[in-house]
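Line order of the protein sequences matches chains A and B. Sequential numbering from 0 applies to the first sequence in numbering that gives the first Met the number 0. Sequential numbering from 0 applies to the second sequence in numbering that gives the first Met the number 0.
For the record, the hints were derived by calculation from the structure and aren't laboratory data. Remember, it's a predicted structure, so these values are computed and weren't measured experimentally. The C-beta atom is built at its ideal place from N, Cα and C for all residues, glycine as well. Don't take every hint at face value.
Restricting the straight-line Cα-Cα distance to at most 20 Å, the calculated cross-link-like pairs of lysine to any residue (SDA-like) are [said to hold, decoys possible]:
id, chain 1, residue 1, chain 2, residue 2
1, B, K142, A, V16
2, B, K70, A, R27
3, B, K142, A, P9
4, B, K142, A, M29
5, B, K70, A, I26
6, B, K70, A, P14
7, B, K142, A, D7
8, B, K142, A, V41
9, B, K70, A, D18
10, B, K70, A, R23
11, B, K70, A, A24
12, B, K142, A, D17
13, B, K142, A, R23
14, B, K142, A, I26
15, B, K142, B, H83
16, B, K142, B, I37
17, B, K142, A, A28
18, B, K70, B, D94
19, B, K142, A, D18
20, B, K70, A, V16
21, B, K142, A, R27
22, B, K70, B, D38
23, B, K142, A, A24
24, B, K142, B, T35
25, B, K70, A, P9
26, B, K142, B, L157
27, B, K70, A, D7
28, B, K70, A, V41
Some chain B residues well away from chain A (every beta-carbon gap over 10 Å; in silico) [as the list claims (entries may be wrong)]:
id, residue
29, T35
30, P73
31, I109
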Amino acid sequence: MVRRSLDDDPVPREPDVDDNGVDRAQIRAMLALAPEERLRRVEEFVEAALEIRELNAARPVR
Amino acid sequence: MQRARFADILRLLASNEVEFIVVGMTAGILHGAPVTTIDLDVVHRRSRDNVARLLRVLAALDAVYRHDPRKLRPQESHLMGSGHQLLTTTHGDLDCLGAIGEGLGYEELIERTVAMSLPGGLVVRVLSLPALIETKERAGRPKDLAALPLLRATLDELTRRP
Numbered sequence: 000m001v002r003r004s005l006d007d008d009p010v011p012r013e014p015d016v017d018d019n020g021v022d023r024a025q026i027r028a029m030l031a032l033a034p035e036e037r038l039r040r041v042e043e044f045v046e047a048a049l050e051i052r053e054l055n056a057a058r059p060v061r
Numbered sequence: 000m001q002r003a004r005f006a007d008i009l010r011l012l013a014s015n016e017v018e019f020i021v022v023g024m025t026a027g028i029l030h031g032a033p034v035t036t037i038d039l040d041v042v043h044r045r046s047r048d049n050v051a052r053l054l055r056v057l058a059a060l061d062a063v064y065r066h067d068p069r070k071l072r073p074q075e076s077h078l079m080g081s082g083h084q085l086l087t088t089t090h091g092d093l094d095c096l097g098a099i100g101e102g103l104g105y106e107e108l109i110e111r112t113v114a115m116s117l118p119g120g121l122v123v124r125v126l127s128l129p130a131l132i133e134t135k136e137r138a139g140r141p142k143d144l145a146a147l148p149l150l151r152a153t154l155d156e157l158t159r160r161p
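Bound-form chain A, shown alone (with noise of 0.2 Å):
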């Protein structure tokens, strides 16, 4: 069996971050959802936090 080099990968595109360090491929992807789903995403992205910050502080987050 012939061992694939590690140099026959495909190369990706260098990431598409601004001078300011600003994904704007993630801004893209967020303009591209209606207004309700972009709420949505940071909702869920939040919820998720505040269920580990609850299970590791000492008081109640919420």
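Given chain A's structure and the hints, the job is docking chain B onto it.
Using the frame of chain A, we list chain B on its own:
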């Protein structure tokens, strides 16, 4: 639309014994900073065994480069380097970072982390808030500098707590 279930990503990584550190604004949120983000940033240990475990999880999450229309999948050669692999997965966006700041990788950062429990009993390592502030200060980009007032104020409030 994919659901942003970053806690599930953390659970998958931890249950598959991937060695990683949660960094970036998700770390800030977990420490209590009132900020938002929609991606999960992790610095993974760049050993062959660990990258193999990480690749298995990424395959299960159907991870591809989010900025590349060819939908390329991350490979070992990508994850063994110090670069940033910006991915999108079935559970939301996930950035696998070989190193952050001035070449700080898993080994350099692990001493500056805290353990946090996940629902279900798994534990993950999260970059400490002072270390997160330092990485943002050193990065010095407008995006990083903009986050500093909230991160510093959160640290200040934490130190005032009885």
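- Task: Check each numbered hint against the structure and report the violated ones by number, ascending.
- Result: 3, 7, 9, 26, 28, 29 and 30
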